[in-house]
Amino acid sequence: MAYQFRDSKYESLTRKSGLPVWADIMVRVGFVFFLIAMAVAVHWFDRQGLSDSYDGEVSFLDVVYFTMISITTTGYGDIVPVTERARVFDALVVTPIRVFVVLIFLGTAYNFVLKKTWDRWRMKFLQSKLSDHIVVIGFGVSGSEAVKELIARGQNPKNIVVIDNSDEVLANAEKLGCNVLHADATRDQTLVRVKVRQASSVIVSAGRDDTSILIVLTVRHLAPNVPISVVVRASDNELLARQAGANNVINPVNFAGFLLAGTCHGEHISEYMSDLATVKGRVMLRERLATRDELGKSLRGLDNGVGLRLYRAGKAFGFWEPEAEKVEKGDMIVEIVPNVEAL
Numbered sequence: 001m002a003y004q005f006r007d008s009k010y011e012s013l014t015r016k017s018g019l020p021v022w023a024d025i026m027v028r029v030g031f032v033f034f035l036i037a038m039a040v041a042v043h044w045f046d047r048q049g050l051s052d053s054y055d056g057e058v059s060f061l062d063v064v065y066f067t068m069i070s071i072t073t074t075g076y077g078d079i080v081p082v083t084e085r086a087r088v089f090d091a092l093v094v095t096p097i098r099v100f101v102v103l104i105f106l107g108t109a110y111n112f113v114l115k116k117t118w119d120r121w122r123m124k125f126l127q128s129k130l131s132d133h134i135v136v137i138g139f140g141v142s143g144s145e146a147v148k149e150l151i152a153r154g155q156n157p158k159n160i161v162v163i164d165n166s167d168e169v170l171a172n173a174e175k176l177g178c179n180v181l182h183a184d185a186t187r188d189q190t191l192v193r194v195k196v197r198q199a200s201s202v203i204v205s206a207g208r209d210d211t212s213i214l215i216v217l218t219v220r221h222l223a224p225n226v227p228i229s230v231v232v233r234a235s236d237n238e239l240l241a242r243q244a245g246a247n248n249v250i251n252p253v254n255f256a257g258f259l260l261a262g263t264c265h266g267e268h269i270s271e272y273m274s275d276l277a278t279v280k281g282r283v284m285l286r287e288r289l290a291t292r293d294e295l296g297k298s299l300r301g302l303d304n305g306v307g308l309r310l311y312r313a314g315k316a317f318g319f320w321e322p323e324a325e326k327v328e329k330g331d332m333i334v335e336i337v338p339n340v341e342a343l
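The sequence shown begins at 1 in the working numbering and counts up by one.
Derived from the structure by calculation, the hints contain no laboratory data. You may find that some hints are simply not true.
Said to hold, decoys possible - Cross-link-like lysine-lysine pairs, in silico, BS3-like; alpha carbons within 27 Å at most: (1) K195 / K129; (2) K158 / K148; (3) K148 / K175; (4) K315 / K280; (5) K326 / K315; (6) K129 / K175; (7) K195 / K158; (8) K315 / K329; (9) K280 / K326; (10) K129 / K148; (11) K175 / K158; (12) K297 / K326; (13) K280 / K175; (14) K315 / K297; (15) K158 / K280; (16) K148 / K280; (17) K297 / K280; (18) K329 / K280.
None of these values were measured; they are calculated from a predicted model.
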């Protein structure tokens, strides 16, 4: 669902036309008639350079007929230029006018008919392929890094939909192989178009806390069960984001502060935290359901990783707590595992 992106190395200064569709079409038609009228006028004043094989006389209607036939086709041969000046005019002026008229009509048909039909068909085709996908709203610094990390972790970019209102950032997202949509994510229609109800998760990073929270509310209204992660920059808005329906609220400012504070108590703490956060690190965090073989065992005694926390009935228990001494069916385990690809 790619819309209005530029792949040029030069930036273009553009502005949406203030003319309605009918006025835009009339301007194009008027320009075509202007070109035809110019050719008719020159042919009329130079009618001595034309020869009519039908009656030997070149009237004004003959000039109009000859001009229209010359511009729309290659001519029928009943009226022909016989002087060098008339032939030069037809070769150097009428032929370019013919090309311009064809391009104007083709461009009009493409802009107002073909392009909309193609975009509508292409959107329906892509929508039919969307299921269990990830919707990323906002492709700024946080959103773009999240998408790159998802792809690095093995997520197929064809299963990622990026929504933004900037053509430039959407072009960057499309280069990664993602589906992109230029639209306002605070509107229900936009989220319905990307089938948010069928999404596996939604990431919201709109750049402004108020906009992000409004988007979370809209997503939760349309998709009550889809996990939502949102980025907020003010601590006061974290509670509002959770009340709006976000499952995960991330404050990059606070997280950076935690890392900086950690460096005061050990030079390797922040390095290890970064190692955990990225797929390129030697170790990685993993969340999964407890397996049948692990039932009854302690969270400390996992075979494949180091258990840190388990979630049971919506509550979190650390590996040191009594509830973590016996893993039960349905427990969600968060563990540290080695990143085999990075070793």
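Going through the hints against the structure:
Under the criterion of a C-alpha separation no larger than 27 Å, the hint pairing K195 with K129 is consistent with the structure, at around 10 Å. Simply put, K158 and K148 have alpha-carbon atoms about 13 Å apart, close enough for the 27 Å limit, and the pair holds. Among the hinted pairs, K148 with K175 is consistent with the structure: their alpha-carbon atoms are about 11 Å apart, no more than 27 Å. Between K315 and K280 the CA atoms are separated by roughly 30 Å; this puts the pair beyond 27 Å, and the hint is violated.
Between the alpha carbons of K326 and K315 the distance comes to roughly 15 Å, so the proposed pair stays at or under 27 Å and holds. Note on K129 and K175: the hinted pairing holds, with a Cα-Cα distance of about 19 Å set against a maximum of 27 Å. Pair hint K195 plus K158 holds up; C-alpha atoms about 14 Å apart against a cutoff of 27 Å. At roughly 15 Å between alpha-carbon atoms, K315 and K329 fall within 27 Å of each other, so this suggested pair holds.
Of the pairs offered as hints, the one joining K280 and K326 is violated, with about 32 Å between alpha carbons and a cut-off of 27 Å exceeded. A hinted pair counts as satisfied when its Cα atoms are at most 27 Å apart, and K129 with K148 qualifies at roughly 21 Å. The straight-line distance between the Cα atoms of K175 and K158 is roughly 11 Å, inside the 27 Å bound, and the hint therefore holds. A hinted pair counts as satisfied when its Cα atoms are at most 27 Å apart, and K297 with K326 qualifies at roughly 5 Å.
For the suggested pair K280 and K175, the alpha carbons sit about 22 Å apart, so the restraint of at most 27 Å is met. Restraint check for K315 and K297: the C-alpha separation of about 19 Å stays at or below 27 Å, so the hint holds. Taken as a hint, the K158 and K280 pair is honoured in the structure, with Cα atoms around 22 Å apart against an allowance of 27 Å. Under the criterion of a C-alpha separation no larger than 27 Å, the hint pairing K148 with K280 is consistent with the structure, at around 12 Å.
In summary, the hint linking K297 to K280 is not supported, as the alpha carbons are separated by about 31 Å, beyond the 27 Å threshold. With a C-alpha separation of about 32 Å, the suggested pairing of K329 with K280 is violated against the 27 Å cut-off.
In the structure shown, a violation is registered for the earlier hints numbered 4, 9, 17, 18, in ascending order.
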